[in-house]
Each structure stands twice: as C-alpha cells, then as structure tokens.
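Using the sequences and the hints given, assemble the complete structure.
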Amino acid sequence: MNETFNISSSPHIRAKVTTGNIMFLVLIALMPTTLFGIYNFGVQALGIVFLTVASAVATEYLFERFMGKKITIADGSAAVTGLLLALNLPPTAPWWMCVLGAVFAILVVKQLFGGLGQNFMNPALAARCFLLISFTGRMTTFVYDGVSGATPLAQLKTGESVNTMDMLIGNIAGTIGETSVIAIMIGAMFLLFMGVIDLRIPGTYLITFIVMIVLFSGKGFDLNYLTAQLCGGGLMLGAWFMATDYVTAPITKNGQILYGVCLGVLTGLFRLLGRSAEGVSYAIIISNLLVPLIERVTRPRPFGKGGER
Amino acid sequence: MNKCTERLFNGLIKENPTFVLMLGMCPTLAVTTSAINGLGMGLTTTVVLVMSNMLISMLRKIIPDSARVPSFIVIVASFVTMVQFLLEGFIPSLYDSLGLYIPLIVVNCIILGRAESYASKNPVLPSIFDGLGMGLGFTVGLTAIGMVREIIGSGKIFGWKIMPASYEPITIFVLAPGAFFVLACLVAVQNKVKAAKAKGGQQEAASGCDGSCASCGNGSCGKAVFSVEKQEGK
Numbered sequence: 007m008n009e010t011f012n013i014s015s016s017p018h019i020r021a022k023v024t025t026g027n028i029m030f031l032v033l034i035a036l037m038p039t040t041l042f043g044i045y046n047f048g049v050q051a052l053g054i055v056f057l058t059v060a061s062a063v064a065t066e067y068l069f070e071r072f073m074g075k076k077i078t079i080a081d082g083s084a085a086v087t088g089l090l091l092a093l094n095l096p097p098t099a100p101w102w103m104c105v106l107g108a109v110f111a112i113l114v115v116k117q118l119f120g121g122l123g124q125n126f127m128n129p130a131l132a133a134r135c136f137l138l139i140s141f142t143g144r145m146t147t148f149v150y151d152g153v154s155g156a157t158p159l160a161q162l163k164t165g166e167s168v169n170t171m172d173m174l175i176g177n178i179a180g181t182i183g184e185t186s187v188i189a190i191m192i193g194a195m196f197l198l199f200m201g202v203i204d205l206r207i208p209g210t211y212l213i214t215f216i217v218m219i220v221l222f223s224g225k226g227f228d229l230n231y232l233t234a235q236l237c238g239g240g241l242m243l244g245a246w247f248m249a250t251d252y253v254t255a256p257i258t259k260n261g262q263i264l265y266g267v268c269l270g271v272l273t274g275l276f277r278l279l280g281r282s283a284e285g286v287s288y289a290i291i292i293s294n295l296l297v298p299l300i301e302r303v304t305r306p307r308p309f310g311k312g313g314e315r
Numbered sequence: 075m076n077k078c079t080e081r082l083f084n085g086l087i088k089e090n091p092t093f094v095l096m097l098g099m100c101p102t103l104a105v106t107t108s109a110i111n112g113l114g115m116g117l118t119t120t121v122v123l124v125m126s127n128m129l130i131s132m133l134r135k136i137i138p139d140s141a142r143v144p145s146f147i148v149i150v151a152s153f154v155t156m157v158q159f160l161l162e163g164f165i166p167s168l169y170d171s172l173g174l175y176i177p178l179i180v181v182n183c184i185i186l187g188r189a190e191s192y193a194s195k196n197p198v199l200p201s202i203f204d205g206l207g208m209g210l211g212f213t214v215g216l217t218a219i220g221m222v223r224e225i226i227g228s229g230k231i232f233g234w235k236i237m238p239a240s241y242e243p244i245t246i247f248v249l250a251p252g253a254f255f256v257l258a259c260l261v262a263v264q265n266k267v268k269a270a271k272a273k274g275g276q277q278e279a280a281s282g283c284d285g286s287c288a289s290c291g292n293g294s295c296g297k298a299v300f301s302v303e304k305q306e307g308k
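In the order they appear, the protein sequences are chains A and B.
The first sequence begins at 7 in the working numbering and counts up one residue at a time.
The second sequence begins at 75 in the working numbering and counts up one residue at a time.
Calculated directly from the structure, the hints in this document are not laboratory data.
Some clues are possibly wrong.
What the hints assert, rightly or not - The list that follows gives simulated cross-link-like pairs (lysine-lysine, DSS-like), each with its CA atoms no further than 27 Å apart:
| hint | chain 1 | residue 1 | chain 2 | residue 2 |
| --- | --- | --- | --- | --- |
| 1 | B | Lys-77 | B | Lys-268 |
| 2 | B | Lys-195 | B | Lys-77 |
| 3 | B | Lys-268 | B | Lys-88 |
| 4 | A | Lys-76 | B | Lys-266 |
| 5 | B | Lys-195 | B | Lys-135 |
| 6 | B | Lys-266 | B | Lys-88 |
| 7 | A | Lys-311 | A | Lys-259 |
| 8 | B | Lys-230 | B | Lys-88 |
| 9 | B | Lys-273 | B | Lys-88 |
| 10 | A | Lys-75 | B | Lys-271 |
| 11 | A | Lys-22 | A | Lys-76 |
| 12 | B | Lys-273 | A | Lys-75 |
| 13 | A | Lys-259 | A | Lys-22 |
| 14 | B | Lys-266 | A | Lys-75 |
| 15 | B | Lys-273 | A | Lys-76 |
| 16 | B | Lys-195 | A | Lys-75 |
| 17 | B | Lys-88 | B | Lys-77 |
| 18 | B | Lys-271 | B | Lys-88 |
Have a look at this one:
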C-alpha cells in the first residue's frame with residue numbers, strides 16, 4: 007500500500023475537458039459547413055480556408071515566439087478563429103485579404119489583449135468587421151455560379167421573393183460558410199450532443215429574433231418570409247458558432263439568456279432598419295462589449311446569504 | 075539661453091504632448107486623417123500656444139490666483155479667434171478640413187496645461203520657448219499619425235500617391251478606429267525606445283534619480299511605476 011499522501015488544495019477531482027479538446031470538437035463541428043462551402047464554391051474556397059487558418063496559426067506562433075510567451079497553437083484556438091474567419095469571407099476574397107484578416111484577428115484582437123481567454127470580442131468577427139469597413143465592395147460582392155448577384159437577404163430587403171428551399175440547402179450566394187443551414191445545423195447538433203454548447207444563447211437569440219421580425223417587419227407572421235430571414239445571412243453560423251464562444255459570452259446562466267435577447271434585438275434592428283441587409287456580426291461584437299455589464303447585473307447570490315429583511 | 079533649448083527639447087521629446095503626456099487627444103484622433111491636416115492642426119495650435127504662453131507669462135503678476143482659469147481662457151480664446159479668421163482668409167482649404175476643431179483649440183488641454191503649469195510661473199522668454207517646444211512636439215505627433223494613416227488608408231502622403239496602383243487602401247485607417255490603432259502603435263514604439271534607453275542608464279542621469287523612490291518628488295517617474303508592477307507580478 008502506498009503510504010505517501012499528496013497534500014494539495016481543492017479542487018481534487020478535475021474534468022478531463024481541456025481547451026484543446028473543446029477546440030477540436032468545434033473544428034469537427036465546423037467540418038460539414040466547410041466541406042459544403044468548398045463543394046459549393048469550388049477550389050478557391052479551399053484555398054481561402056487553408057490560407058486563413060494557416061496565417062492565423064502562424065501569427066499566433068510568431069507573436070508568442072517573439073514575446074517569449076508559452077506557445078499555445080497546439081490548443082487549436084487559433085485554428086478555430088482562422089476557420090471561422092474563412093467561413094465569413096466571400097469566396098472571391100483575394101489572398102491578401104485573408105492574411106490581413108487573420109493577422110488582425112489574432113494579433114490585435116486576441117494577443118494584444120492578453121491571448122486566449124482575454125479577448126474582449128470575438129476575434130474572427132472583429133476581423134470580419136475590420137475587413138467589411140475597409141473593403142466594403144469586395145466583402146459584399148458575391149458571385150455564385152459565375153454570376154454576381156445579391157444575396158437572398160439583400161433581395162428580401164428590396165422586396166423580391168426568394169427560394170427558401172435553396173437557402174436551406176445552401177445553393178445561394180453568400181460567404182463560404184453561411185449558405186447551408188443544413189450543414190450548420192449538423193455541426194450545431196453535434197456540439198449540443200457533446201455538451202460543448204447549450205441551447206441558452208442560440209435559443210434565446212433565435213426566439214428573440216423571430217419575435218422582432220414578427221412584430222416589426224410589417225409582414226406579420228409570414229412563414230415564408232420568416233424562414234428566409236432565419237436562413238439568410240450569417241444568422242445561423244453566428245448564433246450556433248460565434249455567439250456561443252466561451253471567452254466572449256457571459257458565464258452566468260441568466261446572463262446568457264439576457265445576452266441572447268440582446269443579440270436578437272440588435273440583429274432584428276440592424277436587419278430591419280439598417281442600411282445594409284446584414285447585421286449579425288455587428289450585433290455579436292456589440293453584445294460582446296456588453297458582457298461585463300451583463301455579468302455584473304446577473305451575478306448569482308451566494309448560497310446561504312440572507313435576503314434583505 | 076540654455077534653459078530655452080532645454081524647454082524645446084522637453085516639449086519635442088521628453089514630454090511630447092501626444093506620445094508621452096497623452097494630452098489633446100480630441101484633435102489628435104479626429105483631424106489626423108491626412109498628414110496635411112495633422113500638420114495644419116499642429117501648427118495652428120503652436121501659434122496659439124506660443125502667443126498665449128507669452129501673454130500669460132507677461133501678465134502672471136497681475137492675474138489674481140483665484141480668477142486665473144477664466145483669465146487664461148479669455149486670452150486663449152482671443153488668440154484662437156484671431157487665428158481662425160486668419161486661416162479662413164488665407165488658407166480656406168485647411169479651414170474647411172479642420173472645421174469645428176479650430177474653435178475647439180480653446181479647450182485644448184495642452185494650452186491650458188502649459189499656461190497653468192509653466193507660463194504662469196516663469197519669465198517670458200522660457201515661456202515662449204516652452205510653448206514652441208510643446209507646440210512643435212504636438213505638430214510632430216499629429217503629422218506622424220496623419221502620415222501613417224494617410225499612407226495606409228489612402229495610399230498617399232501629403233496628397234501625392236506613393237503606393238503602387240495595385241495597392242488597395244485599408245479604408246478603416248482614415249476612419250475613427252484607425253486613429254486609435256495608429257496612436258497606440260506609435261506610443262508603443264516610442265515606449266519601447268524609451269525603455270531601452272532607461273535600461274542603459276541614460277534616463278537616471280537625466281532626471282537626477284538617486285535610485286531611492288522615497289526621496290523623489292517626481293511622481294511621473296517611469297521607474298517607480300515599473301517597480302510597482304513588478305511587485306504585483308509576484
């Protein structure tokens with residue numbers, strides 16, 4: 007019998023979950039979307055995905071190398087950021103835009119604020135907005151099957167009718183990863199099943215968004231319009247994969263619900279009243295900024311603490 | 075005369091208002107969309123600063139202590155109004171691009187700060203040079219930020235196209251967020267240079283630091299801050 011006793015402070019029993027294997031699960035969950043994007047937009051999309059992931063990982067490695075920090079590329083968080091950014095780029099994005107976006111996401115948004123766990127907003131989305139503001143033309147010109155045209159969401163905004171079935175499957179113009187709702191849902195179900203994410207944030211987000219559309223779009227409960235709004239743009243990708251980012255979402259349960267409501271309201275406002283057709287990325291990064299406040303108002307009461315009687 | 079050159083050096087490098095004192099951030103972030111705007115704003119501020127420092131220094135024995143801030147503001151505002159009319163008359167293009175930020179020079183904290191901390195306590199000639207140094211330091215800061223933003227954000231410098239035709243300007247750099255990026259990077263660079271210098275022992279010699287922070291009245295000493303951070307790091 008072993009007579010040695012190890013003395014250590016709690017916790018004594020730890021879960022086997024690490025950043026590395028969560029990120030690995032997220033990467034697997036993003037695979038259907040990525041593969042569909044490559045199938046849909048051809049080999050150019052593959053190039054963009056590869057280049058963006060590679061530059062994100064390389065930026066992280068080089069920065070940590072030169073700053074003399076621990077190299078954390080093995081945990082896969084940089085790869086996830088790179089992949090999410092690639093899925094948010096149009097398939098016509100030139101190579102330098104991929105590199106610039108990835109460097110901005112990792113260097114400015116993540117590493118300068120202290121690395122993984124310290125970034126105040128989702129790096130991939132911040133980089134997307136950076137590119138969107140800088141190269142509006144390139145970021146909003148979508149080519150599908152050799153024809154450049156408006157996204158279904160933009161058509162919806164101008165009052166044209168859209169094919170909802172195509173939007174569900176993904177045979178539409180858009181960024182690499184946002185077109186196919188089915189592929190995104192496969193990944194999201196996988197994450198839900200593995201317990202990486204739960205329904206609190208995406209659920210409240212989508213429900214609030216539906217309420218916003220029903221109340222304020224002026225179309226009432228028009229199922230076709232509602233489905234098109236839900237399937238169009240980056241809403242699904244954003245709700246399941248980016249709003250649920252552990253670092254930039256609230257940790258309290260009530261806070262997550264409040265955060266979801268906030269996202270839904272902002273997305274609804276941007277889509278209905280905004281100048282551009284899309285508002286998911288801005289809604290998410292603005293809500294990211296509100297997270298410290300949300301956490302402060304929803305701080306749970308310690309067990310046993312008396313009421314104010 | 076030695077004191078005057080010391081004042082110039084102080085304003086330009088040692089206490090550069092943009093990069094070290096972090097004063098006057100409003101014009102720094104708002105008007106530096108191009109190098110020429112930065113230069114124009116810097117020089118306009120310099121003129122006002124030199125004149126107001128001179129006059130305030132002349133009147134420093136007359137202005138009562140209790141009414142000094144309103145008096146300073148009246149003096150500064152008069153000079154700003156004059157400069158504004160001159161700009162409108164002679165350089166209308168600059169006047170148009172600076173717009174609202176010219177009258178706002180009145181409340182620029184560099185000007186009031188120098189009046190309060192230097193001109194109201196020192197003779198006329200050093201005060202003039204203090205204003206000149208601070209103003210030129212501000213000009214250098216603004217022009218540097220403007221140049222970087224103009225090159226990246228529109229591929230030009232002072233209006234001349236210098237980047238190749240295939241370069242696509244990163245428009246965000248001429249918008250508000252770009253100002254923060256560029257300012258932060260330039261401050262980081264100059265802090266890096268300063269830190270390297272301080273390690274070489276040059277800064278200690280310059281400020282007469284005997285190594286003991288307890289006897290030192292200089293609260294802005296980088297060394298003291300550094301040692302506090304080090305303790306927290308443990």
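Results of checking the hints against the structure:
1. B:Lys-77 x B:Lys-268: holds, 23 Å
2. B:Lys-195 x B:Lys-77: holds, 15 Å
3. B:Lys-268 x B:Lys-88: holds, 10 Å
4. A:Lys-76 x B:Lys-266: holds, 22 Å
5. B:Lys-195 x B:Lys-135: holds, 9 Å
6. B:Lys-266 x B:Lys-88: holds, 14 Å
7. A:Lys-311 x A:Lys-259: holds, 19 Å
8. B:Lys-230 x B:Lys-88: violated, 30 Å
9. B:Lys-273 x B:Lys-88: holds, 16 Å
10. A:Lys-75 x B:Lys-271: holds, 24 Å
11. A:Lys-22 x A:Lys-76: Measuring from Cα to Cα gives roughly 22 Å; hence the hint holds.
12. B:Lys-273 x A:Lys-75: holds, 22 Å
13. A:Lys-259 x A:Lys-22: holds, 22 Å
14. B:Lys-266 x A:Lys-75: holds, 18 Å
15. B:Lys-273 x A:Lys-76: Measuring from Cα to Cα gives roughly 25 Å; hence the hint holds.
16. B:Lys-195 x A:Lys-75: violated, 49 Å
17. B:Lys-88 x B:Lys-77: Holds, at roughly 14 Å.
18. B:Lys-271 x B:Lys-88: holds, 12 Å
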